[in-house]
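2 protein chains.
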Amino acid sequence: MSKGLPKRSEDYSLWYNELVKKADLAENSAVRGCMVIKPYGYSIWEKMQAELDRMFKETGHSNAYFPLFIPKSFLSKEASHVEGFAKECAVVTHYRLKNAEDGSGVIVDPEAKLEEELIVRPTSETVIWSTYKNWIQSYRDLPLLVNQWANVVRWEMRTRLFLRTTEFLWQEGHTAHATKKEAEAETLQMMNVYAQFAEDFMALPVVRGRKTESERFAGADDTLCIEAMMQDGKALQAGTSHYLGQNFAKAFDVKFATKEGGLEYVWGTSWGVSTRLMGALIMAHSDDNGLVLPPKLAPIQVVIIPIYRKDEEFDAISEKANELMAELRKVGVSVKYDNRDTHKPGFKFAEHELKGVPLRIAIGPRDLENGTIEIARRDTLTKEQFELASQPIAEKIADMLEEIQTSIYSKAFDFRTEMTTEVNSWDEFKSVLEEKTGFLSAHWDGTAETEEKIKDLTKATIRCIPLDRKEEDGVCVFSGKPSKGRVLFAKAY
Amino acid sequence: MSKGLPKRSEDYSLWYNELVKKADLAENSAVRGCMVIKPYGYSIWEKMQAELDRMFKETGHSNAYFPLFIPKSFLSKEASHVEGFAKECAVVTHYRLKNAEDGSGVIVDPEAKLEEELIVRPTSETVIWSTYKNWIQSYRDLPLLVNQWANVVRWEMRTRLFLRTTEFLWQEGHTAHATKKEAEAETLQMMNVYAQFAEDFMALPVVRGRKTESERFAGADDTLCIEAMMQDGKALQAGTSHYLGQNFAKAFDVKFATKEGGLEYVWGTSWGVSTRLMGALIMAHSDDNGLVLPPKLAPIQVVIIPIYRKDEEFDAISEKANELMAELRKVGVSVKYDNRDTHKPGFKFAEHELKGVPLRIAIGPRDLENGTIEIARRDTLTKEQFELASQPIAEKIADMLEEIQTSIYSKAFDFRTEMTTEVNSWDEFKSVLEEKTGFLSAHWDGTAETEEKIKDLTKATIRCIPLDRKEEDGVCVFSGKPSKGRVLFAKAY
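Protein sequences, first through last, are from chains A and B.
Take 85 as the starting number for the first sequence in this note's numbering and just add one per residue.
Take 85 as the starting number for the second sequence in this note's numbering and just add one per residue.
Hints are not guaranteed to be accurate.
Identical chains share a label here; the pair holds if one copy fits it or two copies do between them.
[Unchecked claim] Keeping only pairs whose Cα atoms sit at most 30 Å apart, straight-line, the calculated DSSO-like set for lysine-lysine is:
no.: 1; residue 1: Lys414; residue 2: Lys141
no.: 2; residue 1: Lys264; residue 2: Lys217
no.: 3; residue 1: Lys141; residue 2: Lys380
no.: 4; residue 1: Lys171; residue 2: Lys380
no.: 5; residue 1: Lys380; residue 2: Lys414
no.: 6; residue 1: Lys106; residue 2: Lys343
no.: 7; residue 1: Lys394; residue 2: Lys404
no.: 8; residue 1: Lys404; residue 2: Lys141
no.: 9; residue 1: Lys394; residue 2: Lys343
no.: 10; residue 1: Lys514; residue 2: Lys265
no.: 11; residue 1: Lys334; residue 2: Lys265
What the hints contain is simulated information worked out from the structure, not anything from laboratory work.
Kindly generate the complete structure, drawing on both the sequences and the hints.
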């Protein structure tokens, strides 16, 4: 199965593309830039959704659903918003097809032209704030804490499965508050929810930071983000949380009666993560043999494979496997018995390795005699023999899964540490970037001009100003002008 | 709160529209025909989704995700399919906006015209079967059992919240099988899953039936359906399951190597239910005071309302309410304590009645003295006093919820029985239809011609040929020609 998977060291980009396809995660569709998320890939996304949804609800949010289409005029109401999204919008202009009169097939009916074109939502601020205008009258209606799970479309010229696709799945939270302070706190809270999800479930260490002005969301006054490091030394933005100030409230005239009897514009936030997280998950942990999944997001945590020649052996092994499965399910471990008779054990081993099943148990006739099983760890590719009698095996396996979760995180954390370099001169900046890329922690003079020059020269961008950065006097690596603290530069996905 | 809700007997249609809005279920958006599903409405849909999703998975299906867009040429590949959907397609023709040169605002960039127009999916058979071509090579790849939760768009001229909207949410199952028999069994199985869901969770009795040829899905060889009766005597199609034969396999050239070494076209099914179910749920059970929800789908099953004048009373009541909530949650009952100090009890009573919370508990100072609580049932609008000491109250409440579930179902079942009339002549057909509408069980000669004439004359259509109908010789109520059994006519949503 893993045959044909290129090595990361030889061609990281090809390795990623092949892995996504061979592990049955996703594939390109016949529609340019749109992907098909295959059942196995989708089952991982469902686990992500379930955890995030729980976290959103625990922080007081409810789900709702808003239209796919946005009238063109809505998009234009917030000036920087339309500036940011107009260049990549799918536009619906007609609402009917008809048979061509010359019999050449089906054509767009020119008589069914829309009076106003509709945009397929690239994000929903405009359509949601136009709705909030009707929902919000008084301070009693606030805060309004709503999330939406939806598909969005941004017409990307260069696409890559999960990382950048024309259509993608995401959630977008849109909240409205009575005070600036509350909206700022919400922005920070949701960034922290994302960081906690990335670290606890995806086993992905992230830097919590703030975007520079030029990297902000179109229409936001402030954008917080979480940034992760991939195995090729490139950074990946894994989630963003925007403080919108009163921008959309003003664009859509959303005011509320205050407790004191005044009338004020509402304060807003929006925040989102997308199927891009799948790309981050895959790239952060996987190896040349295939996917490595953190147990908390693995659709199947344990696979049991019978090793046998004779039918009687198979029956005895199956009995043992069934016992074991019942015990594992009791402690909340998801397990599959791969009893297909159409494939050999070697094929199955490779397949489950490719698909990143955290633990593989093999049971053969000798195991039955000796009362043992063999357990192989996907992340370390190590095997161990266990005596069934010596310990409560289900709990042992549950512990191993927890250990794998922690161990995958630590490995990614150590890698990121190794890939983060403090640089103090322009020469150092360039040589580290060339040598190993990664995060470059450097002083910057705070101007968009310097930021852009560095980007033009090196393709490195400021990923974020870390929220926990130390105040430290220094000079900008590029301009030599004074700086109050370091920011993180990197090449990025 | 319920002020302003029209009576069903006076204007059923207005009653429905107002109820949907006032109970915070959904509202029209600024985009013609597209609705906003509000948080409370969406939370009911989420409960429906969760149960259906569980049932799909228990019958072996996995979720996946396919593109929103369909190339125009794909839609045309299956002749009757394009015939059925071309007239109501949203068409994407451009992929960019730009600033008008005359400064008049944002316009569609004429240079960003797509070579081939894209259709926003009205249903996904074509894009999915074009994918299945790559997924299916051999009998080992079958059956392929996939479901998708998605939004779809059909450009409807007359729309109504939930019942008929331009964009709606749904699930669409798409399966591929090695044999005709298996595909037919799947079609039947999924219709039964829908029926079971409608009856067990929505408390909605349904007729399991088969569509006539003229009412079939565009591209199907056979369409099974479930049909429900609404309070105004109109029928509502609540779910359909299509046997596609080899139609889409042939259109997209999907063949598989058989066990015996041959090469054959695959057999297909598709099946779906949508947010239309929300309309059915609302219309089937609700009354002039508002929504009536079956407890199994109610986001909040029990609401507790404190009745007090003094702060000390409130504290004591809250203590009792918290105890009660803990007990209820232990037995799996969802409960909310409505302790808002901004609204009076009367307002809260009306609000929760409008929103269909199955049980309302009021606790006042006298209840604390007497060790009692007052429980009001939403479906029957009856109240009862309970002594807390006399019985384990949480279990009593759980039992009451079950009783409500059953009772709502029985009420709907009795209503349907009352509204189903065997008619044996054309005069009888017309008079029953005029007098009370409902289901008319009548003999039909089996021709599309008669079916259409009846529709033209009366607006009644054949809802289905019930699967459990008796063989019975008779004559068609319209043509007088021979018939082998009765079919169900009705006016329908």
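Structure-based check of each hint:
In this assembly of identical chains, the alpha carbons of Lys414 and Lys141 lie at most 30 Å apart whether taken from the same copy (27 Å) or from different copies (20 Å). In this assembly of identical chains, the alpha carbons of Lys264 and Lys217 lie at most 30 Å apart only when taken from the same copy (18 Å versus 54 Å across copies). In the homo-oligomer, the alpha carbons of Lys141 and Lys380 lie at most 30 Å apart both inside one protomer (19 Å) and across protomers (20 Å), since each shortest distance falls under that limit. When the C-alpha separation of Lys171 and Lys380 is checked against a cutoff of 30 Å, the pair qualifies neither within a copy, at 39 Å, nor between copies, at 46 Å.
In this assembly of identical chains, the alpha carbons of Lys380 and Lys414 lie at most 30 Å apart whether taken from the same copy (16 Å) or from different copies (26 Å). Taking CA atoms no more than 30 Å apart as the test, Lys106 paired with Lys343 passes between copies only; the shortest distance there is 25 Å, against 59 Å inside one copy. Taking identical chains as interchangeable, the C-alpha atoms of Lys394 and Lys404 lie at most 30 Å apart only when both belong to the same chain, with a minimum of 16 Å there against 65 Å between chains. When the C-alpha separation of Lys404 and Lys141 is checked against a cutoff of 30 Å, the pair qualifies only between copies, where the shortest distance is 26 Å, while the shortest distance within a copy is 41 Å.
For the identical chains of this complex, Lys394 and Lys343 are inter-copy neighbours only, at 23 Å across copies versus 79 Å inside a copy, given an alpha-carbon limit of 30 Å. Neither within a single protomer nor between protomers do Lys514 and Lys265 lie at most 30 Å apart by alpha-carbon distance, with minima of 40 Å and 67 Å respectively. When the C-alpha separation of Lys334 and Lys265 is checked against a cutoff of 30 Å, the pair qualifies only within one copy, where the shortest distance is 18 Å, while the shortest distance between copies is 61 Å.
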